[in-house]
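Novice: Chains as they are written, first to last, in this note's numbering: chain A, 1 to 140; chain B, 1001 to 1140; chain C, 2001 to 2140; chain D, 3001 to 3140.
To be clear, the hints were calculated from the coordinates, so they are not data collected in a lab.
In silico DSSO-like links for lysine-lysine, alpha-carbon gap of 27 Å or less: (1) D:K3029 / C:K2029; (2) D:K3029 / B:K1029; (3) A:K29 / D:K3029; (4) A:K29 / C:K2029; (5) C:K2029 / B:K1029; (6) B:K1029 / A:K29.
Which chain A residues face chain B? A few, computed with CB under 10 Å, are given here: (7) D15; (8) G19; (9) Y23; (10) V25.
This one's a predicted model, so the numbers in the text were calculated from it and none came from an experiment. Even glycine gets a Cβ: it sits at the ideal position worked out from N, Cα and C.
Number of protein chains: 4
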Amino acid sequence: MTVEFSTQIRVYIEDTDAGGIVYYVNYLKYLERARTEFMRSLGIERAALSDQGWMFVVSNLSLQYRHPARLDDCLEATVRTAGVGGATIDFIQTVRLDHTTLVEGQVQIACVDRHSGRPRRLNMSIRNPLTSLLREGEIV
Amino acid sequence: MTVEFSTQIRVYIEDTDAGGIVYYVNYLKYLERARTEFMRSLGIERAALSDQGWMFVVSNLSLQYRHPARLDDCLEATVRTAGVGGATIDFIQTVRLDHTTLVEGQVQIACVDRHSGRPRRLNMSIRNPLTSLLREGEIV
Amino acid sequence: MTVEFSTQIRVYIEDTDAGGIVYYVNYLKYLERARTEFMRSLGIERAALSDQGWMFVVSNLSLQYRHPARLDDCLEATVRTAGVGGATIDFIQTVRLDHTTLVEGQVQIACVDRHSGRPRRLNMSIRNPLTSLLREGEIV
Amino acid sequence: MTVEFSTQIRVYIEDTDAGGIVYYVNYLKYLERARTEFMRSLGIERAALSDQGWMFVVSNLSLQYRHPARLDDCLEATVRTAGVGGATIDFIQTVRLDHTTLVEGQVQIACVDRHSGRPRRLNMSIRNPLTSLLREGEIV
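Please put together the full structure from these sequences, using the hints given.
Specialist: Given below as structure tokens:
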């Protein structure tokens, strides 16, 4: 598994619900922002929606909610690459506040053709930096 | 001005914020659902995003917030056509709870080319039912 | 497992993303609307946020995304109760278009104290109708 | 009018719609993030929802949409204080991409009692920094 990438997320009123906490659905947005910034850090721009006819979609997700976040909290959303398949990438992700893990889980994304929706083999410009990271992770 | 079209909206937890009320941004979604259902009632499907190369975008909006809605409220979102221009339509809209107006305002939408973003003359299949309604409104 | 409850969901432009499909995060809102309407059908109002000092939070979720939904689709979101614990309820849920399952998964909600966030034993007015349904399901 | 405060906003897939552009409702979130960061820059924390029994709600808004933003754009959301009333604050705001104004408008927020919803006179800790800024703006 690769080293962890992380990005800061500020909680705004838009993110909360009438329970006075972050609406649980919105953590998925935080996790996606972290994946997008992680991809950008590898030189992969427009990963959500390529100009070259493919896009990434989430194919599987599994999340455990441990503690709630609140308005104005400054959170950390993290990403680790757990595996790279032919057309899929598996991530292990968390949302943390200071040293407490609020949410953790696994997200699998799949590369699909934008028109047919069919799985499409990962482009080398995406596969290469991710598998390099995975190999470095093994050595460490 | 035409007669009023209205649609029911249930408030779910997704719509609220930590103030314990509907997040003010979400009324815009309610107003758009009402416009979409109004269009559908006129036989205009896929009004938000036509297959024929055009789409509607909001070009102007002006809203007054009078009273808050809360979780589980069953609201009414209304639409009246106030005018039809070459490439634009003006609506007067409200969100109500029982006989109380919570939010009211004006929304202007513009028909634009999906690729260039340039204004595009309203299709007759949209203009005709709307102007018929406007003429009926004048008589009443 | 109990019989299935289902509710209709219309896809609006607010639900879509630049990939031209429903933004995957928004299915979680559809699933929650279905749970809320299911609770309401059992006479449990304000299940998301009780006036009596407790609320439900999602503690675990696991979803598989099979096919995308699109603008204007009229979907069905379903709920089955899979189990009732001391402070938790397990649901099996789907989002379908006609006879195709687009999304399926499991959602666990937990009853917690609104102030302390600690687990709180399910109120009998919630436990009783759910366990009755579970027993009926076994017989069928 | 005071000098301009601005904050950077990255466009993520969560912000877009099937038209391939930022969903117009989401600019309101960007404008609010800018107001929140502006307040924070004045030492006003938790402006959206005070612990002291009041909160800010939007009472009026008026927006003009000029050009769309797209996925991955790095936008600037700006705030200027246009006036401070007994219980209200008027802001002039924009969303810009490079030197192009995409959205501009006016937002009025009102301080209300969290329980009664009634207008509540602005606290001095909020009024003072804002009126100081207004006076500086006049001199400039």
